[in-house]
Amino acid sequence: MIGRRTLLRLIVCAVLVSGVAFGQNGGQLRFCLSSEPKTFDPLLVDDDASLTIRYLTGGVLSRVDRHTQELEPELAESWKISPDGKQITFKLRHGVRYSDGTPFSADDVAFTMKRLMDPALHSPVGDTFRTAGNAVTTKVIAPDQVSVTFPGPIVGLDRIFDELVIVSIHSPKKEAAVAGPFRVAEYKAGSSVLLERNPYYWKTDSQGRRMPYLDSIRLDIQPNRDVELLRFRRGELDLINTLDTDYFDRLAASSAPLVHDAGPSLDSDFMWFNQVATAPVPEYKRAWFRSSNFRRAVSQAINRADISRIVYNGHAQPAIGPVSPSNKLWFNSSLKAEPQNPQAALERLKADGFHLQNGSLIDKNGNPVEFSIVTNAGSKPRERMGVLIQEDLSKIGIKVNLVTLDFPSLIERITQKFNYEAAILGFRNVDLDPNGQMNIWMSSAENHAWNPQQKSPETAWEAEIDKLMRAQAETSDQKKRKQNFDRVQEIVYQQAPFIYLVNPNALSAISTSVAGANPGILYPQTFWNAERLTLTGTARASR
Amino acid sequence: MKAARWVACVVVAAVCALSFGANWLAPDGYAKQFREAPGAPPSRAHLLGTDEIGRDRFARVLYGTRISLLLAPAAAFVSSALAALIGGLAGYLGGIWLKLSRAFTDLFLSLPWLFLLITVRALLPLNVSPLVSVLITFLILGLLGWAASARVLSTSADAARNSDFVLQARASGLHGPRLFLVHVLPNLMPVLTAQFWISIPVFILGEANLGVLGLGVAEPLPSWGSLLRELEGMISFREEPWRLVPLFLLIVVMTSFQLLLSNEEVTA
Numbered sequence: 143m144i145g146r147r148t149l150l151r152l153i154v155c156a157v158l159v160s161g162v163a164f165g166q167n168g169g170q171l172r173f174c175l176s177s178e179p180k181t182f183d184p185l186l187v188d189d190d191a192s193l194t195i196r197y198l199t200g201g202v203l204s205r206v207d208r209h210t211q212e213l214e215p216e217l218a219e220s221w222k223i224s225p226d227g228k229q230i231t232f233k234l235r236h237g238v239r240y241s242d243g244t245p246f247s248a249d250d251v252a253f254t255m256k257r258l259m260d261p262a263l264h265s266p267v268g269d270t271f272r273t274a275g276n277a278v279t280t281k282v283i284a285p286d287q288v289s290v291t292f293p294g295p296i297v298g299l300d301r302i303f304d305e306l307v308i309v310s311i312h313s314p315k316k317e318a319a320v321a322g323p324f325r326v327a328e329y330k331a332g333s334s335v336l337l338e339r340n341p342y343y344w345k346t347d348s349q350g351r352r353m354p355y356l357d358s359i360r361l362d363i364q365p366n367r368d369v370e371l372l373r374f375r376r377g378e379l380d381l382i383n384t385l386d387t388d389y390f391d392r393l394a395a396s397s398a399p400l401v402h403d404a405g406p407s408l409d410s411d412f413m414w415f416n417q418v419a420t421a422p423v424p425e426y427k428r429a430w431f432r433s434s435n436f437r438r439a440v441s442q443a444i445n446r447a448d449i450s451r452i453v454y455n456g457h458a459q460p461a462i463g464p465v466s467p468s469n470k471l472w473f474n475s476s477l478k479a480e481p482q483n484p485q486a487a488l489e490r491l492k493a494d495g496f497h498l499q500n501g502s503l504i505d506k507n508g509n510p511v512e513f514s515i516v517t518n519a520g521s522k523p524r525e526r527m528g529v530l531i532q533e534d535l536s537k538i539g540i541k542v543n544l545v546t547l548d549f550p551s552l553i554e555r556i557t558q559k560f561n562y563e564a565a566i567l568g569f570r571n572v573d574l575d576p577n578g579q580m581n582i583w584m585s586s587a588e589n590h591a592w593n594p595q596q597k598s599p600e601t602a603w604e605a606e607i608d609k610l611m612r613a614q615a616e617t618s619d620q621k622k623r624k625q626n627f628d629r630v631q632e633i634v635y636q637q638a639p640f641i642y643l644v645n646p647n648a649l650s651a652i653s654t655s656v657a658g659a660n661p662g663i664l665y666p667q668t669f670w671n672a673e674r675l676t677l678t679g680t681a682r683a684s685r
Numbered sequence: 018m019k020a021a022r023w024v025a026c027v028v029v030a031a032v033c034a035l036s037f038g039a040n041w042l043a044p045d046g047y048a049k050q051f052r053e054a055p056g057a058p059p060s061r062a063h064l065l066g067t068d069e070i071g072r073d074r075f076a077r078v079l080y081g082t083r084i085s086l087l088l089a090p091a092a093a094f095v096s097s098a099l100a101a102l103i104g105g106l107a108g109y110l111g112g113i114w115l116k117l118s119r120a121f122t123d124l125f126l127s128l129p130w131l132f133l134l135i136t137v138r139a140l141l142p143l144n145v146s147p148l149v150s151v152l153i154t155f156l157i158l159g160l161l162g163w164a165a166s167a168r169v170l171s172t173s174a175d176a177a178r179n180s181d182f183v184l185q186a187r188a189s190g191l192h193g194p195r196l197f198l199v200h201v202l203p204n205l206m207p208v209l210t211a212q213f214w215i216s217i218p219v220f221i222l223g224e225a226n227l228g229v230l231g232l233g234v235a236e237p238l239p240s241w242g243s244l245l246r247e248l249e250g251m252i253s254f255r256e257e258p259w260r261l262v263p264l265f266l267l268i269v270v271m272t273s274f275q276l277l278l279s280n281e282e283v284t285a
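Residue numbers (my numbering), protein chains in the order written: chain A, 143 to 685; chain B, 18 to 285.
Calculated from the structure, these hints are not laboratory results.
Please note that a few of the clues may not be correct.
[Claimed, not checked] Just so you have them, the derived chain A footprint on chain B, three or more residues with Cβ under 8 angstroms:
(1) 45 to 58
(2) 62 to 71
(3) 235 to 245
By construction, the Cβ of each residue, glycine as well, lies at the ideal position given by its N, Cα and C atoms.
Based on the sequences and whatever the hints tell you, model everything.
Laid out in structure tokens, this is it:
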């Protein structure tokens, strides 16, 4: 027989459990952006903060499920790809409206495609769509049917639409009208971005409840990760999408249920040299940076195992190339991480006329080898990587000046003014497929960081990469695609335009007040299903 | 009080001696990375443990103290001199000069320094050695930090201008720069000295904050500012109390300076 007190305890427990396990509608989710969003135009997104806002607000025709990695219908109910792989026809969802109530139709898709392909827009997303050439045509067949035709076949054609947010042609709010789960309600420069529930969002759950469940998401602009962690521990934030390793370990020690290590991510940290012909860099330095021997020697001088162990406390593995080894399908397993070998690096440099003189490396014209590496201020891992690299390169006589810059200045330098010598940054890979990297590897691409937007490939190896990337994108033969992309990885390994350093593990922290989260390795790790996230009773009531 | 001043004197002398003896006390230097022991606790080999990338914290504190003890007062001297020139002179001249000086000071104080500093950083070359970067940082701090002190000094100089002793000096035929240098400036010295000492910790912390903009002391050179930045990641002081040594040192040295200052004031 159950006593009254026991029964009361059971009832209290049941109420608590139901409150914890099953969140309800409403409440405000809070997390941080690491920098100011550069743009709210979904077609111009090129930075993490804008990418987050685009993901949470933009409506796309189809979306890769970050957990199953399968493609799911969104604004398009279904689609059909022509046998030659050049055309895709979408059947659009009925009754969808933008956040200001403007109806969604095939005209919006045509308008978006036209805008995307406009060369004057310089859309980074557009690079992915230009792989077979610029002559992409869009035809509105009916208000709910539209076809997009490419000049050549594109493999994984449907998957490239995951990144393309459909903007409205008719809405007076232009790109501020969105068809995603949230819309931008308020933006305070330097402080926060407030997203509120899109009242016209089309998605409902299996019980017919309208999504998203949350009322709003508050994104605080906070470049300082220490402050972000402190606020998370205080309960002011609900999640940290990517967690630094030292904080991960500390949090794991005190509150293990809050942290999640999803294993090696698809992301990578890397370093590169500025090879832009018109960059304000001394000619003799440009000659170093354009030499594959110099780049490979620098790569050989770096101790990646130490970076993994010291900077990431072992929560990373030495990187090999553009594909993380965790991407089993596309990784070229014949390549191995470059081991540190200062002697081999010096031998390689000798081939280009470099020599050591009183411990300093001197080029064939007598110039001492010294360059600066820029990285973003506030990122401790990158600052520490820079210091380790500084020490590693001093062993082969290279003097490195490490400079940390605020993020907007850094981006301006590396994408517009090209006023830098070398940089350390990271890539967030959102797609397993090589087509997702078209906007990096094509020599004409905006994100071809070491020498972007080339009219024609300036080197033979870049021309070969262009050819191979196009070839893999135009065939549906999986074996041929793999061969082509394996070769791309080999060239990148040999030429080292990017010196890959480490693949960090996907580490995140999620408060117990958030229900429905299922962190994975694909970006965005923790809030990929934001429309399904809920807050528990206590958290909801406090906001 | 006399004993406290003696203690302060000994503390400052000891800290100065330790920092200037860094080459002998920490022969491995501030940049050597002991990669097998990152984030190590204090030991015989590393008296204050190592930082996150394995550099000896004791060595970094000694060298950082040397840099900050030399350059923060230098920056404070520059800013105090500017404050005396702008605020003191305007207060002494009075009238339109005083109004103009206050308007200019107010305008200077209201400028969005963050954006201006970002612009300054953008104008600086990237390839500068850490030593040059530290000199630039403190020079900028010195050139920009005069406004608040100038406001205080202009008020004091204004009061001095109308004081009996200046009127008497005027009546005895003393004018112009000589009157300012002989009668007004010495009376501004206590205020100016106080402003000078107040500026030092402000500049040390300012340098630490500038690091976020890429204007701070460049790696691998240490400074009190960069050492204090390490505390950003501290969740609990109990876990690694030895990491608080730079903060403790800053407090002790600044308190000692203040005690010595009060001595000077008493003497004056």
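Going through the hints against the structure:
Coverage of a stretch by a chain is defined here by at least three residues with a beta carbon nearer than 8 angstroms to that chain's beta carbons; for the region 45 to 58 of chain B and chain A the count is 4, and the condition holds. For the region 62 to 71 of chain B, the assignment as covered by chain A holds, since 3 residues bring a beta-carbon within under 8 angstroms of that chain's beta-carbons and 3 suffice. Against chain A, the region 235 to 245 of chain B contributes 3 residues with a C-beta closer than 8 angstroms to a partner C-beta. That satisfies the three-residue criterion, and the hint holds.
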